[in-house]
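Dock chain B against the given chain A, drawing on the hints supplied.
Protein chains in written order, with our numbering: chain A, 1 to 420; chain B, 1 to 474.
No lab work stands behind these hints: they were computed from the structure. Just so it is clear, the structure is predicted and the values come from calculations on it, not from any experiment. One should not assume that every hint holds.
[As the list claims (entries may be wrong)] No more than 30 Å apart at the CA atoms, straight line, and that leaves these computed lysine-lysine pairs for DSSO-like:
| hint | chain 1 | residue 1 | chain 2 | residue 2 |
| --- | --- | --- | --- | --- |
| 1 | B | K343 | A | K62 |
| 2 | A | K365 | A | K284 |
| 3 | B | K410 | A | K281 |
| 4 | B | K353 | A | K284 |
| 5 | A | K282 | B | K412 |
| 6 | B | K262 | A | K54 |
| 7 | B | K231 | B | K9 |
| 8 | A | K62 | A | K360 |
| 9 | A | K10 | B | K231 |
| 10 | A | K360 | A | K54 |
| 11 | B | K231 | B | K142 |
| 12 | A | K352 | A | K54 |
| 13 | A | K281 | B | K412 |
| 14 | A | K282 | B | K343 |
| 15 | A | K352 | A | K365 |
| 16 | A | K54 | A | K365 |
| 17 | B | K343 | B | K262 |
| 18 | B | K340 | A | K62 |
| 19 | A | K62 | B | K262 |
| 20 | B | K353 | A | K54 |
| 21 | A | K143 | A | K10 |
| 22 | B | K262 | A | K352 |
| 23 | A | K284 | B | K410 |
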Amino acid sequence: MSPMIAIFTKEILENIRSYRFMILSALLAALMFISILVSYGDYQLRRENYDVLKPQQPNPEKIIIPPTPLSVFVKGIDTNLGRLLQFSALGIDVQLSQQSVNRLFTLFTVPDMLFVIKVMLSLMALLFAFDAISGEKEQGTLKLLLAGGAGRFNLLFGKLFGRFVLVFVPFSILFLVAVAVVSLLPDVQTDRQYWLKLGVIVVSSGVYCLSFTALGILVSTLVHRSATSVIVSLAAWTVFVFVIPNLGIAVARDLATVPPGERVEMQGRLAAIQAIFERIKKEKSGPDKGIGTEMVNQIWGAQREIFESYRPALDGQMRLTRSIVLASPAGALTFLMTDVAGTGFLEDQRLKDAVMLHVKLNFGKYMHMEPGEPGSFTYTRTSFGDVFLLSALTDSLVIVAFALFCIGLATARFAVYDPR
Amino acid sequence: MTLGLIIRKEILDNFLNQRFAAACLVSILLMLSSMVVLTSSYLNEWRDYQSRAAMQEEFIERYGHWNRMQWMARQTQMPKHYQALVLGIDREPEQQNFVSNPVSALFSRLDFVAIVTVIMSLMAILFSYDAITGEREAGLLKQMLSMGAGRASILFGKLIGGTISLIVPFTIGVLSGILYLSVRSGLQLRWTDYGVFLILLVGSFFYISAFFALGMLISARSHSSGQALLKALFAWVVLVLFLPNVSPFLAAQLFRIPSAAKIEQETSWITSEERDQIVAQRGAELLRSQFPDLADFSSLSRNEVASRVGADPALKERYSQYTNAYDGLIGEVNRDQQAKARKIYEAFQAQSKYQEQLAIWIASLSPLADFVFLATDMTETGISADDHWGEEAGRFQQEIGSFARARYEKAKAENPAFDSNDYLDMRDRPRFVYQPEPLADRIARVLPQFGILVLFNFLFAAIAQASFSRYDVR
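For reference, chain B alone in the conformation it holds in the complex:
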């Protein structure tokens, strides 16, 4: 009963406070303005993507040929369905072309994730830092305890009431944004999209409440509101502004891997210069051991070889044996060298993956990173979606390659003069249709992040309770 009363008191206190009105205003303004701008950008990008796809379609119809089919059918990434809310991994900053736009490499755009992670967490800290110390300074804490309210009821009443007071304006802001998205023409929202929005909203609640609990914890370990504010901001800066940003750099220092350029140089050397050296060495051995009678051929020009071979049929047969053996040797060396290069590349890929995973582990110490992973994985704008897109696009490249080869072979069988640079009618070729990861898989993927956010809530609330149980109320 006491708990219910304190929750009610907190909510009423906050709802009548200017802070609540300000939080409502900020949430609605920011959410709406961000979603309006990002939706407009998304629709522009979508139109551009469609025109690109049409351009590619027209090009293949006009210039399609087997030799460069995979090059001309290469897929460009389509704008992400949820990017009006979550931008996630943006490939533009990597500037894959000489003529690329550097703006996004310097500044990031304000999306739902940025609003929740930075602004809402700061609001949670500002709503909670004086929850205990403020009552103590006003002399109300003593009164509440002397009137029989238990310490646990006070703490959890404030925690639950305060969190609800913050979540309500935030939800109003998000819902107004989602309402805008659902009435905006061109977006074509499906029912599953509303499921994704709901999961994002619930994830945000856990994220915001974790920071509220952190503010309460700090308040319960401080004796003045000024001190509590400084400590809370200290923790906020570390958890929100520093730890996630430092994580990839720290992982790169802790687990150093050779640069990709070095690996490329090494593998390129293995499959070119080293291969040539081995071929030369083993070719000389082949000549010495199995074809000593042809040893002097290595110093002859092609024309001289042709004239000597042409004049003697036995020599021609012998030379043919040698060239077959030599071709076999080249094939074998090529295979060995490519396997060697692949092994190095795969080891590098495994190391890179481990470094990325290490960065994720370090970043996960901050609720911000957990929420970012949750939001980006859920909206297919994160690392797993990036991997998924790469796999899908790679599969399509193989499919179109096989299709074009079959078409080319058919054309060649009908007309032996047909070559790989001749026009091929490819109108009935397979088209790239991106299949996003099923919603169930995405939900399963974000469960650990949900778990960590819930754990942060429990951890902060439990420490706050332990601290408040020994708190000197005088």
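Okay, chain A solo, but in the shape it has when bound:
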């Protein structure tokens, strides 16, 4: 048996019966169970809403897409994507009856599987890794291991993979059980894309977990006491999981300003009132067949103008947000998983473009200003292939780069680490 495998086995055997393993695995299992329970309940409610609101007959002016079953695991902005949109002569209206009446949802975070992975899995990985080197040193076993010919490289990688497995294997088992249960539940329709995307979610969780294990090991090689190591590790965790993403969003929103939703709503509303007012005024001065068409065109011109001026600003803010938040693996994971699950910004942009195109193609027909029957809205969420090329590749590279950076730095540090 090679020394690395021997150390890997020792790490697993030593830790698997430990208090730490039991308490953290129990916590993970409990959180995952509750997360799936509440997320599935939430999905069912959204599904019920969809069934109530979807047009029973083909209806070109009503636009709604069903919630994706993957939102049970990664909710993202699926509630917003599943809003009922209705277009008329006055513009595109959002039906507000789908909004939750419980305002606590706006005060707290969604405890979905993404939250568990982003927060809990990373915390567990750090708590398993923070004393990997410093702990051995404190016990005096580091000297013995090195004197026994284990080799620094073997020791580091044996520990890295051993501790990674201790966190990721229980998580994977629990996650697969959750997936199996959810997939058998009513309302959850599975297809090839569903399984493929879930596979990507598991793999990216693994890389994310490995990156935090490597971070823990790195911190362990930087200090000489486990008590210091745990403090530094938790500080790093706080920075990567909370500070960078949340402060990054605030900075991006401040630097790349986008008109608030209320301004957009007001502009659309006032443009419609102005067009109606002017139409009535013209009608009073004399009959003219073209006045109605002119009003509709005026309202839609204003709506298009608002959309076209808003969109580049929004795209700019999203790009900046992404650039800042990608400095943290937790931010990269959020983008990766929401885009893969079809509940992220990418889907939002695609859906809005598809809605605008649908309206553009059918508006004249719907308003009887053009010949022909308007068509119904159809939409398919982005396939994994497209997501991969558009965003997931960059996001996953960021997580991999973070893991490699931590591993590389830990290797360099451990090469000169004083085991005494």
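Just chain B now, kept in the frame of chain A:
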């Protein structure tokens, strides 16, 4: 005396420790960076709000007319005065428009509340988890007890000293942030604002000390620092990261209410299709029972009815009686159906309110939620302020509606040809001035949350004391 000595020792130990310097640095950096960024966003939003208000003003001056006055005078929410500190309920994630920004629906921003609830509570746990076990492992606990220090003095000395050591750097961070807010131009802070800051600061002290006491409790129930750390983090994860977040979902599962879309569909059916059915049925009954002589009118076209009625004055009178009775019937059915729909809607509102309250009760089991409610209610960024704004805006809509109606009726009296789509001069109309809830009311509202935070402190400290009184120091 011993208690005082231990407090002093704890504070000195901590102040000379690197942890204190790190806590100071983290508090100042995070508080300042968050407040700088959020203040800048607030000022941008405020400028945008003012330009929106000016745009609306100009529009009404140019296109004001009675028919759509309430639509054009609808109020948009102004940025919240304290949002440089506490963001609270953010309406943007709800995406009320097709062209809305989804960024805030996916990520939340780092504000004072997030720093206190997540980062300071974690720091409190990290400062306290080894308070007892660490001394025991170093062999100092035995020494302290053998030198006559009582167990209660040790525990409370560490608790008070440790909490002060954490609160001092935190206060430095907050004060530097508040100093920035007070010198930043454009914010216009009032004296009451400093009162709000003070209440927030005191609330934060209770929140942080509750977590410090929790760390002490766990330390007093563990025999090694490693074990204590794991247990403390377990409790922190449950109380900070999970319980509050799960509460609205759990409440939605425990107390299920029909979806708002379903209620809207049902009430819309009652006031349209069902109303039409009832009108048709009762209209036929009316014709059969009181106007049998007009029974064949239902199969005639409007023109045929007009020509028959025009040819016979007696029939015209009879028909007029029928149309009056029919109009009365429609009015009655409309009223009944609207009352029925309103009853369903009100029952739904009551259920929704109860579900929200249930979520608040569940969340209140976590000190985090209590602090969030305290901070958002105090800074008018929470649920009660949201309700208050809705009431104020609704009242204004009624006021502007009545004003416009009076103006329209006056114009109509002067010129009978004037109609509801004609331009109305509304320059002297009432303007919307938001009146925030008085400070005293807000303070009264947050007292229960203060009470719960104090209770958490007592509870954790009491259990820690009970555990430490039987603690094996060897």
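Which earlier hints turn out false for this structure, listed by number in ascending order? 4, 14
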